[in-house]
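Undergrad: Since chain A is already given, all that's left is putting chain B on it; use the hints.
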Amino acid sequence: MDSLQLLIDGFGAALTPVNLLYALVGVTLGTLVGVLPGIGPAMTVALLLPITFTVPPASAFIMFAGIYYGGMYGGSTTSILLNTPGESSSMITALEGNKMARRGRAAQALATAAIGSFVAGTIATALLVVAAPAVVAFAISFGPEDYFALAILAFTAVSAVLSRSLVRGLASLGLGLVIGLIGIDQQTGQARLTMGVPQLLDGIDVVIVAVGLFALGEALYVASRLRHSTPEVVPVGRAWMGRADWARSWKPWLRGTALGFPFGALPGGGAEIPTFLSYAAEKKLARGTAREEYGKGAIEGVAGPEAANNASAAGTLVPLLTLGLPTSATAAILLAAFQQYGLQPGPQLFDHNPALVWGMIASLFIGNTMLLVLNLPLAPLWARVLRIPRPYLYAGIVVFAALGVYALNGTVVDLVVLYVLGLLGFAMRRFGLPVAPAVIGMILGPMAEIQLRRALAIGAGDVSVLVKSPVAVVLLLLALGALLTPLVRKLAVRRELAPTVIHEED
Amino acid sequence: MRMRILAALAAISLAALTGCGENAGGGGASGGTGTLRIMAPASPGGGWDQTSRVAEQALKAADPKRRVEVYNVPGAGGTIGLSQLAGEKGNGNLLMTMGLVMLGAIEQNKSKVTLAETTPIAKLTEEYEIVVVPADSPLKQLSDLVAAWKADPAKVSVAGGSAGGTDHIVAGLMAKAAGVDPKKVNYIAHSGGGEALNALLGGKVTIGISGVGEFAEHVRSGKLRALGITSAQPISGLDAPTLKEGGLDVELANWRGMVAPGGISEGDKKALTDLVTKMHDAQPWKDAVAKNGWIDSFQTGQQFADYLNAEQARVKGIIAEMGLVS
Numbered sequence: 001m002d003s004l005q006l007l008i009d010g011f012g013a014a015l016t017p018v019n020l021l022y023a024l025v026g027v028t029l030g031t032l033v034g035v036l037p038g039i040g041p042a043m044t045v046a047l048l049l050p051i052t053f054t055v056p057p058a059s060a061f062i063m064f065a066g067i068y069y070g071g072m073y074g075g076s077t078t079s080i081l082l083n084t085p086g087e088s089s090s091m092i093t094a095l096e097g098n099k100m101a102r103r104g105r106a107a108q109a110l111a112t113a114a115i116g117s118f119v120a121g122t123i124a125t126a127l128l129v130v131a132a133p134a135v136v137a138f139a140i141s142f143g144p145e146d147y148f149a150l151a152i153l154a155f156t157a158v159s160a161v162l163s164r165s166l167v168r169g170l171a172s173l174g175l176g177l178v179i180g181l182i183g184i185d186q187q188t189g190q191a192r193l194t195m196g197v198p199q200l201l202d203g204i205d206v207v208i209v210a211v212g213l214f215a216l217g218e219a220l221y222v223a224s225r226l227r228h229s230t231p232e233v234v235p236v237g238r239a240w241m242g243r244a245d246w247a248r249s250w251k252p253w254l255r256g257t258a259l260g261f262p263f264g265a266l267p268g269g270g271a272e273i274p275t276f277l278s279y280a281a282e283k284k285l286a287r288g289t290a291r292e293e294y295g296k297g298a299i300e301g302v303a304g305p306e307a308a309n310n311a312s313a314a315g316t317l318v319p320l321l322t323l324g325l326p327t328s329a330t331a332a333i334l335l336a337a338f339q340q341y342g343l344q345p346g347p348q349l350f351d352h353n354p355a356l357v358w359g360m361i362a363s364l365f366i367g368n369t370m371l372l373v374l375n376l377p378l379a380p381l382w383a384r385v386l387r388i389p390r391p392y393l394y395a396g397i398v399v400f401a402a403l404g405v406y407a408l409n410g411t412v413v414d415l416v417v418l419y420v421l422g423l424l425g426f427a428m429r430r431f432g433l434p435v436a437p438a439v440i441g442m443i444l445g446p447m448a449e450i451q452l453r454r455a456l457a458i459g460a461g462d463v464s465v466l467v468k469s470p471v472a473v474v475l476l477l478l479a480l481g482a483l484l485t486p487l488v489r490k491l492a493v494r495r496e497l498a499p500t501v502i503h504e505e506d
Numbered sequence: 001m002r003m004r005i006l007a008a009l010a011a012i013s014l015a016a017l018t019g020c021g022e023n024a025g026g027g028g029a030s031g032g033t034g035t036l037r038i039m040a041p042a043s044p045g046g047g048w049d050q051t052s053r054v055a056e057q058a059l060k061a062a063d064p065k066r067r068v069e070v071y072n073v074p075g076a077g078g079t080i081g082l083s084q085l086a087g088e089k090g091n092g093n094l095l096m097t098m099g100l101v102m103l104g105a106i107e108q109n110k111s112k113v114t115l116a117e118t119t120p121i122a123k124l125t126e127e128y129e130i131v132v133v134p135a136d137s138p139l140k141q142l143s144d145l146v147a148a149w150k151a152d153p154a155k156v157s158v159a160g161g162s163a164g165g166t167d168h169i170v171a172g173l174m175a176k177a178a179g180v181d182p183k184k185v186n187y188i189a190h191s192g193g194g195e196a197l198n199a200l201l202g203g204k205v206t207i208g209i210s211g212v213g214e215f216a217e218h219v220r221s222g223k224l225r226a227l228g229i230t231s232a233q234p235i236s237g238l239d240a241p242t243l244k245e246g247g248l249d250v251e252l253a254n255w256r257g258m259v260a261p262g263g264i265s266e267g268d269k270k271a272l273t274d275l276v277t278k279m280h281d282a283q284p285w286k287d288a289v290a291k292n293g294w295i296d297s298f299q300t301g302q303q304f305a306d307y308l309n310a311e312q313a314r315v316k317g318i319i320a321e322m323g324l325v326s
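Chains A and B are the protein sequences, given in the same order. So that you can map any letter, position 307 of the first sequence is 307 in the working numbering, and since no number is skipped, the others follow by simple counting. So that you can map any letter, position 289 of the second sequence is 289 in the working numbering, and since no number is skipped, the others follow by simple counting.
Excised from the complex, chain A in its bound form (with noise of 0.2 Å):
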């Protein structure tokens, strides 16, 4: 095959020992800023985007792809260990992995988080080699309404899932979907909930949503009871993931990199939105003690949306090498560098420069490789900052988070924001509210309103359009069964009686 002749020689590109330094600084960079919570890869890039001026393209398109992958795995540490993520990706992680890790459990689900980000990013890239084309025609037919149906679908998927109490689910996810009315209007620029705050015009930055209601509800959530309350000692526990583990892990990340691979080349997709689709398939398809164990720390939980996200990112270089389509943030900081270098990605791409193409693919499989070399011998140190008396701790996060929230725009009216979330984090946590939704709220809810209503002004007002195409039929008929099956779960358990609960829906 033509393109694995190529993709040899790319690897010959590749292996250069320059190189490889250049990919290990990459993986390095990328995952301490995955590490920091507020600064991203994004912005990780952009303020790289310099050396393009001096250093060869290969080389740093090499480091750029290693930036990329290792922020998603990044993010995913101090979600586990701390319940505080350091990327939105990585959110969900925090929802088992961090319950996994305060029942001693923390270096299997940094393990199975390593390894399945590794797994997923591998499948992921080798995609990316021989699916391109499929997968760009596949996005590009995805219209406004599709993503509406997409909205709704993962609305109704996480809603059902997330949260014990619906009331508290909704009341949760409510006040996301107000954080995310803040700002100027997309469609008629008309400023929204700004109260007269230029800073608010742009809206709040997810990330400052995520650390805020996270990080800083959780240490004041913590530094509030340690006077009630000796704290309970986390136990460190076994080193490695067991059997068990990996039995349990498989069938997640390989449904993690389905999900995650096709959502990163949808324009707006992101990242988030596999990660919660994971999340919910998971939860829906556990039985047995993996289904009791979902909200103690299921290791599915955090497999799934694990290697959900690093899929995303291979899936966000195929639009962006094949038509110029940047498809997330990282991804349009990505095509700048190219036209730094005066090339442009796009059909051509592959055909004149087929050197740097391939020799960035080739780079993705190495960087990833070396992510897993690097990560997962420390995932029993990691596990050890558990030990770290409290306060430090909490200390600690709490300047982090400042720091990095500060560091996305410099301005003082973040921290403020980030502040007050934080203190609504507190009390979400103490009036027993699930975060989780708000985030959630926050990221689907503007981009719910936006396509509808790009949707309808395409038709030109008439609502039939939300049902003319196949796949939002299709999208919306899955989020009428997410909506249905726990009724009608509920009306057979009702009608049965039936001590056989636990596996009546099998």
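Keep in mind the hints are simulated off the structure, nothing from the lab. Some hints could be false.
Pairwise CB distance ranges, derived in the manner of DEER restraints [stated by the list, open to error]:
#, chain 1, residue 1, chain 2, residue 2, range
1, B, Ala154, A, Gln190, 18 to 24 Å
2, B, Asp287, A, Gln190, 40 to 46 Å
3, A, Val473, B, Ala154, 22 to 28 Å
Derived SDA-like pairs: lysine to any residue, alpha-carbon spacing no greater than 25 Å straight-line [said to hold, decoys possible]:
#, chain 1, residue 1, chain 2, residue 2
4, B, Lys140, B, Ala232
5, B, Lys112, A, Met195
6, B, Lys286, A, Pro57
7, A, Lys251, A, Ile123
8, B, Lys60, B, Lys291
9, B, Lys60, B, Ala282
10, B, Lys155, A, Asp185
11, B, Lys155, A, Ala457
12, B, Lys223, A, Gln339
13, B, Lys112, B, Glu321
14, B, Lys110, A, Thr411
Beta carbons: idealized from backbone N, C-alpha and C, even for Gly.
TA: Coordinates of chain B only, in the frame set by chain A:
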């Protein structure tokens, strides 16, 4: 925790090494010495940021002894940066990159600070806008678009960037020239040219408007067809008539330039103008202009100040006519 502190230190020192620390000591001595700071009033990666960073390289090449620093103040179409610049009154060691988009944002956000509180230094580059349709669209030329618009403006969906931005302004000016109420334009705002491109390639919208650079590749590959460009003369290597040739009297350049804070001394103004002129003559600047397909439209002094005033009036008019100011 120690590892995380190390991590932060490593990240910070790396950023510093590559010459792009976020914030560092400012202002100080004026009069063409000391550290010159250039504010990009947008996030890293965008057009203003790119222009600022190229300017930094070119300035360093023109005057190796001068320290130059770029920093970002993103938000609200650049008006956050503008209000910060206004707070630096009299600082002769500060420049801000800006352009047409900022004029629209000032009107739309009803910014308290306007460009009247700045000192115009130089216009640097222009980029033209291009109006395209998908290859299989029934609209073959500009007159077809005008006819469709006149028949029912709601049925002509126009994909472009943010509401009130350059693309939207072009759509409004075109509708006005075609005799269609600019308020009736069915404009579908997207976040950036990439998203709009996707909507076009998928055949979801009728026409698309964006910078020439965003769509040119796809016009050349035949996936999109150009109905017109907003320049006065056709662009070589691109099969597209000007809007004027197509029958719509619209010309617009998405220009970028630099301004300094208000209230600076004549000496500082001259020093900054000389410096930017030197930068414009330096090789890195010329290379970047060629590489990015920018059009060199260098202009300084009163000429630029007059241009700025005329553009502000034009943008103010069309934004109001499109009903974009609440």
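Undergrad: Hints first: check each against the structure and report whether it holds.
TA: Hint check:
no. : hint                            : verdict
1   : B:Ala154 - A:Gln190: 18 to 24 Å : holds (20 Å)
2   : B:Asp287 - A:Gln190: 40 to 46 Å : holds (41 Å)
3   : A:Val473 - B:Ala154: 22 to 28 Å : holds (25 Å)
4   : B:Lys140 - B:Ala232             : holds (21 Å)
5   : B:Lys112 - A:Met195             : holds (15 Å)
6   : B:Lys286 - A:Pro57              : holds (20 Å)
7   : A:Lys251 - A:Ile123             : holds (13 Å)
8   : B:Lys60 - B:Lys291              : holds (19 Å)
9   : B:Lys60 - B:Ala282              : holds (9 Å)
10  : B:Lys155 - A:Asp185             : holds (22 Å)
11  : B:Lys155 - A:Ala457             : holds (9 Å)
12  : B:Lys223 - A:Gln339             : holds (20 Å)
13  : B:Lys112 - B:Glu321             : holds (21 Å)
14  : B:Lys110 - A:Thr411             : holds (21 Å)
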